[in-house]
Structure formats: structure tokens, C-alpha cells
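Asker: Model the placement of chain E with the ligands on the given structure of chain H, informed by the hints.
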Amino acid sequence: MYTQAMDIPGGPKAVAPGSPEEAAFNARIARDEKIEPRDWMPEAYRKTLVRQISQHAHSEVVGMLPEGNWITRAPSLKRKAILMAKVQDEGGHGLYLYAAAETLGVSRDDLIDALHAGKAKYSSIFNYAALSWADMGAIGWLVDGAAIMNQIPLCRCSYGPYARAMIRICKEESFHQRQGFDIMLALCRGTPAQKQMAQDALDRWWWPVVQMFGPPDADSVHSGATMAWGIKRISNDDLRQKFIDATVPQAELLGLTIPDPHLKWNGERGHYDIGPIDWDEFWRAVGGDGPCSRERIATRVRAQEEGAWVREAALAHARKQAARARKAA
Amino acid sequence: MSNNEWPLWEVFIRSKQGLDHRHVGSLHAADAKQAVQMARDVYTRRMEGVSIWVVASEAITASDPDDKAELFEPMADKVYRHPTFYKLPKEVEHM
Ligand SMILES: [Fe+2]
Ligand SMILES: [Fe+2]
Numbered sequence: 025m026y027t028q029a030m031d032i033p034g035g036p037k038a039v040a041p042g043s044p045e046e047a048a049f050n051a052r053i054a055r056d057e058k059i060e061p062r063d064w065m066p067e068a069y070r071k072t073l074v075r076q077i078s079q080h081a082h083s084e085v086v087g088m089l090p091e092g093n094w095i096t097r098a099p100s101l102k103r104k105a106i107l108m109a110k111v112q113d114e115g116g117h118g119l120y121l122y123a124a125a126e127t128l129g130v131s132r133d134d135l136i137d138a139l140h141a142g143k144a145k146y147s148s149i150f151n152y153a154a155l156s157w158a159d160m161g162a163i164g165w166l167v168d169g170a171a172i173m174n175q176i177p178l179c180r181c182s183y184g185p186y187a188r189a190m191i192r193i194c195k196e197e198s199f200h201q202r203q204g205f206d207i208m209l210a211l212c213r214g215t216p217a218q219k220q221m222a223q224d225a226l227d228r229w230w231w232p233v234v235q236m237f238g239p240p241d242a243d244s245v246h247s248g249a250t251m252a253w254g255i256k257r258i259s260n261d262d263l264r265q266k267f268i269d270a271t272v273p274q275a276e277l278l279g280l281t282i283p284d285p286h287l288k289w290n291g292e293r294g295h296y297d298i299g300p301i302d303w304d305e306f307w308r309a310v311g312g313d314g315p316c317s318r319e320r321i322a323t324r325v326r327a328q329e330e331g332a333w334v335r336e337a338a339l340a341h342a343r344k345q346a347a348r349a350r351k352a353a
Numbered sequence: 219m220s221n222n223e224w225p226l227w228e229v230f231i232r233s234k235q236g237l238d239h240r241h242v243g244s245l246h247a248a249d250a251k252q253a254v255q256m257a258r259d260v261y262t263r264r265m266e267g268v269s270i271w272v273v274a275s276e277a278i279t280a281s282d283p284d285d286k287a288e289l290f291e292p293m294a295d296k297v298y299r300h301p302t303f304y305k306l307p308k309e310v311e312h313m
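Chains H and E supply the protein sequences, listed in that same order. Numbering-wise, my numbering puts 263 at position 239 of the first sequence, and it's gapless, one number per residue. Numbering-wise, my numbering puts 228 at position 10 of the second sequence, and it's gapless, one number per residue.
The shape of chain H in the complex, shown without the other chains (with noise of 0.2 Å):
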């Protein structure tokens, strides 16, 4: 998931017609265009795709790590192929991204560096832990399922880059929900405490996942302008809504109670009713002070260091190859 962060405060403010050339951009918008990296565009819109594309792609790969801690303990060969599956495709995802995010003229490395200083955010939902075996299926379930929520409307997004890498991402994204309602799926139709484990699991994700949609559509600071540029075409709020009136009934399937009083079918609006989201907790897991915050940034930061001397090894290689090749030429 996990674009979730770009709309909190800080970001481009309106779009104010200006040149001739951001007007023509602006038409190109609105008869719903691509635009494409080598195409003139407004330095927010770039601005505003490079902080949302290179969010979403840090998400997809702190987003291993929770699940990435379970493959040696799956309990059994067949869930641990489908987890390393599942793993290995978010991995993919964050590289379609990081790559998408390069066409608008950043490098890598700068990204990943911002990620590392904690300049960059990435998705609350991975600030959590994963306590049990039956964390793999809610995360399934009901994280890559709000992510699918998010992203299928992405597929449309206005820069070409973005929308494609979406597409390809979304392709990947139902097998990983499916995985995960087939774990909790086994859990609820196995043993009192296989069951019980299936009910914890929900009562630790259900909030942080509804929080993940973002803040309500009445704080979000720059909506508006993602809106108006096509990145965005579904708002939290909305997204949200979608999720919930999907998901209640599949916990009523597998037998698990959400955990909140105040859930409730509205015939009225033809939704479901939720209590209050604790947003408080929402911006402390944003802003880095979630309950596995640091940890989940000091193993990337890790991965990244241990991982440097192959890197180079790798490219002192290369460029004595292509050296050698030169010279024998």
C-alpha cells in the first residue's frame, strides 16, 4: 500500500493556471492524457510524484520485513513457498517503483538515503509488529487488501510511469490478499485456539489498517491538488468506506468479531457505520514513532550497509570487463 502518507501537511498547495505551458498541461489533464517523463509539467506535480511514488515504493520494501521475519517459521512448506512468493513480489514492487520514480530525474541511491535519515515516510501499517503465525493472514487479508483498495485507482493516475508500474503491481497484489484469507481461513476452521489466534490477530490490525487509508477527507491538506492532477481519484474517506463495506462481511464468513462497538450496517447510507479512528496514534506511527519504527529503519539502513561491499565489488567488475574488452578491441 501504502501511498497513504502524501496527504498529510506540507505538500503543493492549489494549482494556479499560470503559463502558457502549464495551461496546456492543465488541458492535457483534463481530457485525461498521460503525461509522460520527458513532458513539460509543473514542478509540484513532479515534486508531489516523486515524494508519493518514492513513499510508496520505501512501503513496499519495509513492507518485507514483518512478513520476511515468518519464512523460517511458516508452518509448513507450502506456506512457506507462498510467503517467500509473496515477499519476493513486494520486493519487485518497490524496484517498478523505484524505477518509475526515477524517470522523474532522482536517483536511487538519493531516495533511499532520504528513507534512511528519516526524511522520507512510508506506510504506518509496517510500524507494527507481527506477534503469531496468524499475523501472515490478517496482513494478507486486510493490509494488502486496503492496498489494493488504494492502488487499483492508481492504475489511472496521470503520469504514465506511475499508472503502469500500478497496473503491474496490481496484477501481482489479489494472490497476496487470497493467501491471507486462506491462512486465517485454516485458523478459523481449525482448533478453539487456532481460532483465538485468528480473533488476536484482528483485534491488533483492524485499527491500524483503517487508519492506513489516511487522514479524514477534511484534513487532508493537498487532496485537492492530487485531485485536480489526476494522481489521486478516490479520496481516504471514500477508500476507506470501500474497505469496510467489503471486509465486514468476509470476518462474518470466517466467524472473527471486528473490534468495534460501534459497527454498524446503515441502510439509510447503504454503509457501514464505524466508531472513532484514534488519529493520534495514526501520526505517531507516521511520524517514526510507531511501536517497530526504529527498528524496521535501523534493519533496512543494515541491509543497505552489509549489502555495499558486493555493490561495489559488483561494478569494480563490470568496469574491468568492459575495460578489458576496450583494449582487446
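For the record, the hints were derived by calculation from the structure and aren't laboratory data. The structure presented is a predicted model; accordingly, all values stated were derived computationally and were not measured. Warning: the hint list may mix true and false statements.
To be verified - Lysine-lysine pairs mimicking DSS-like chemistry, simulated, CA-CA at most 27 Å apart:
no. : chain 1 : residue 1 : chain 2 : residue 2
1   : E       : Lys-296   : H       : Lys-71
2   : E       : Lys-296   : H       : Lys-58
3   : H       : Lys-195   : E       : Lys-234
4   : E       : Lys-286   : H       : Lys-58
5   : H       : Lys-344   : E       : Lys-251
As the list claims (entries may be wrong) - Simulated restraints on C-beta separations:
no. : chain 1 : residue 1 : chain 2 : residue 2 : range
6   : E       : Pro-225   : H       : Glu-57    : 41 to 51 Å
7   : E       : Ser-275   : H       : Glu-57    : 23 to 33 Å
8   : H       : Asp-262   : E       : Lys-308   : 42 to 52 Å
9   : H       : Pro-240   : E       : Lys-251   : 43 to 53 Å
10  : H       : Ala-141   : E       : Lys-251   : 29 to 39 Å
11  : H       : Gly-115   : E       : Lys-251   : 15 to 25 Å
12  : E       : Glu-276   : H       : Pro-240   : 39 to 49 Å
Stated by the list, open to error - Where chain E lies over chain H, by a calculated footprint (3+ residues, C-beta under 8 Å):
no. : region
13  : 56-63
14  : 105-118
15  : 124-134
16  : 149-159
All residues carry an ideal CB built from backbone N, CA and C; glycine is no exception.
Answerer: Then chain E with the ligands, alone, in the frame of chain H:
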């Protein structure tokens, strides 16, 4: 730091159906051989392809977006290049 970044490669994949190689994305790799290996891992995990090309991104020459009108608009009024331009009598069923 940035000049120690592995160079960028564009990846093209031909699917099983024997169609043209199609651009699927890009990746960083130290050299061409490694780029092919990595493209295999990243872009063919679900049997998407039977052949991979990689091209150093810096070796690609692209048309200038500012020339778009000049290059492509002249085709807009040449509808006679399409079969649907020709209205044939009903008697000629398949042509
Ligand atoms: Fe993903
Ligand atoms: Fe996923």
C-alpha cells in the same frame, strides 16, 4: 554516491505467444549479464516471457516530445490508410 550507482537498463520481454519483445520496465545492474539475470527474477516470475532483451538506458535515443505535433499530426488526415475508409458494396462480403 550517485556515480557508484549501478547503471540503468531497460528490459524487453517476449511472451510465449511469440509476439514482439515489449518494454516492461527498467532496473539497475552492474553489467548486461547481471541485468538479464535480474530481469528474469523481477519480470518473469509468472511465466511472462520466453526471451529477454536488456538495453543500457543511456543508449536509447527517443523522439522529442516538443516535436510531437510535427511528427505525428500529419497522419491525422490520412484516413485512407485505414481499411475502414473504403465503403464497399454489400455483395463483397469479406475483403
Ligand atoms: Fe505490494
Ligand atoms: Fe502485496
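Asker: None of the hints should be skipped; say for each whether it holds.
Answerer: Hint check results:
no. : hint                              : result
1   : E:Lys-296 / H:Lys-71              : 40 Å, violated
2   : E:Lys-296 / H:Lys-58              : 24 Å, holds
3   : H:Lys-195 / E:Lys-234             : 18 Å, holds
4   : E:Lys-286 / H:Lys-58              : 14 Å, holds
5   : H:Lys-344 / E:Lys-251             : 14 Å, holds
6   : E:Pro-225 / H:Glu-57: 41 to 51 Å  : 31 Å, violated
7   : E:Ser-275 / H:Glu-57: 23 to 33 Å  : 24 Å, holds
8   : H:Asp-262 / E:Lys-308: 42 to 52 Å : 51 Å, holds
9   : H:Pro-240 / E:Lys-251: 43 to 53 Å : 51 Å, holds
10  : H:Ala-141 / E:Lys-251: 29 to 39 Å : 33 Å, holds
11  : H:Gly-115 / E:Lys-251: 15 to 25 Å : 21 Å, holds
12  : E:Glu-276 / H:Pro-240: 39 to 49 Å : 45 Å, holds
13  : 56-63                             : holds (count 3)
14  : 105-118                           : holds (count 4)
15  : 124-134                           : holds (count 5)
16  : 149-159                           : violated (count 0)
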